[in-house]
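**Student:** Those protein sequence lines, which keep their order, are chains P and G.
Residue numbers for the first sequence follow our numbering, beginning at 611 and rising by one.
Residue numbers for the second sequence follow our numbering, beginning at 611 and rising by one.
If you are wondering where the hints come from, they were derived from the structure by calculation, not from laboratory data.
Just so it is clear, the structure is predicted and the values come from calculations on it, not from any experiment.
Identical copies carry no separate label here, and so any pair may be met within one copy or between two of them.
In the DSS-like style, the derived pairs of lysine-lysine whose C-alpha atoms are separated by at most 30 Å in a straight line are:
1. LYS628 x LYS791
2. LYS623 x LYS756
3. LYS692 x LYS623
4. LYS649 x LYS732
There are 2 protein chains.
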Amino acid sequence: MSINPYSLTIDLKACIMKPFKKRTQVRLSSLRDYFMDRKAVDDMLSSGKDLIIYEYFEYSNPESEGHVNIGVTIINPGRIGKEYYMTRGHYHEKSAAEVYLGLSGEGIILMQLKDGEAQALKIMPGKIIYVPPHWGHRAINTGNEKMIFFYMYPSNAGHDYQLVKEKGFSKIVIEENGLPKIIDNPRYKSRN
Amino acid sequence: MSINPYSLTIDLKACIMKPFKKRTQVRLSSLRDYFMDRKAVDDMLSSGKDLIIYEYFEYSNPESEGHVNIGVTIINPGRIGKEYYMTRGHYHEKSAAEVYLGLSGEGIILMQLKDGEAQALKIMPGKIIYVPPHWGHRAINTGNEKMIFFYMYPSNAGHDYQLVKEKGFSKIVIEENGLPKIIDNPRYKSRN
Chain P
611 MSINPYSLTI DLKACIMKPF KKRTQVRLSS LRDYFMDRKA VDDMLSSGKD LIIYEYFEYS
671 NPESEGHVNI GVTIINPGRI GKEYYMTRGH YHEKSAAEVY LGLSGEGIIL MQLKDGEAQA
731 LKIMPGKIIY VPPHWGHRAI NTGNEKMIFF YMYPSNAGHD YQLVKEKGFS KIVIEENGLP
791 KIIDNPRYKS RN
Chain G
611 MSINPYSLTI DLKACIMKPF KKRTQVRLSS LRDYFMDRKA VDDMLSSGKD LIIYEYFEYS
671 NPESEGHVNI GVTIINPGRI GKEYYMTRGH YHEKSAAEVY LGLSGEGIIL MQLKDGEAQA
731 LKIMPGKIIY VPPHWGHRAI NTGNEKMIFF YMYPSNAGHD YQLVKEKGFS KIVIEENGLP
791 KIIDNPRYKS RN
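Start from the sequences and build out the full structure, keeping to the hints where you can.
**Tutor:** Here it is in structure tokens:
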């Protein structure tokens with residue numbers, strides 16, 4: 611499919627990218643099964659606080675080889691129990707990389723292969739993260755302000771959210787003595 | 611080919627991206643045939659000034675579908691005659707997009723199809739430019755400081771520099787009364 615050149619604008623003060631084709635706000639209630647401390651989630655939800663954990667703006671292009679999708683993700687600062695606010699995380703269905711560029715705030719990009727092998731890299735303004743094909747990826751805000759980053763991936767990558775939902779990530783990022791710490795996820799379900 | 615996750619750092623003060631796999635400095639002498647005013651080029655060169663017009667840092671990945679190459683381009687401020695400093699420009703060999711994100715300074719991304727149809731979009735910090743497949747692309751620094759931008763494209767895109775060398779771009783960007791102006795390129799060789 612043929613499209614014309616265009617430009618988008620990232621406004622870091624207003625925390626938006628415009629124009630966009632999709633704006634998605636992800637609230638705590640839809641992330642209940644992703645956090646370690648389910649009681650902390652339920653306590654917050656039962657007190658009527660279904661906060662926005664993160665949101666993203668996406669400008670998608672034709673799903674054909676050679677095109678890429680671009681967008682901006684904004685993760686609010688905060689924790690559920692000891693665990694920092696984070697994205698759901700996903701794998702790509704096809705062999706496709708993803709690139710992040712940190713724009714504001716600081717955090718960790720957690721990546722893992724389907725066998726559970728994990729890697730974590732810090733992200734902050736000016737830092738580029740390369741997520742190679744086959745590595746699942748999740749972003750975690752370990753700072754005190756909004757964490758904002760630009761992302762890009764081949765538009766025919768496809769998204770597999772199911773595997774993360776079923777197995778979780780092998781590592782989680784918690785706060786300990788005021789600092790982020792990467793520990794084994796007690797809820798992780800390895801393949802065997 | 612399988613690779614592991616990694617991160618790169620863009621340092622806007624030092625004007626570098628590190629680590630990199632390739633650092634390329636492009637001097638005026640190798641751009642002689644790209645500027646409109648050849649006498650202005652020759653005058654500068656004969657006075658011993660073979661200045662660096664632009665440079666780029668690239669971190670290339672495997673040339674297989676699903677991978678992307680990433681890098682940072684820095685164009686110095688200045689003009690050759692009336693024409694602003696610019697990159698050589700190229701087409702991709704395959705049907706492959708390119709994405710730019712402005713980081714510092716300001717300029718214009720000039721794009722054209724092989725039949726000469728042209729589009730120009732402004733770039734500045736926070737501005738994303740989407741160059742769809744089949745559009746040749748060139749970056750032009752129209753400001754008074756270094757213009758720095760991040761770029762990304764599918765790593766199997768391939769580069770065709772020959773067509774731009776032979777035909778040129780149908781438009782050029784010159785300074786007139788202190789402002790950038792896009793005009794027809796008197797040296798452009800249309801296909802017929």
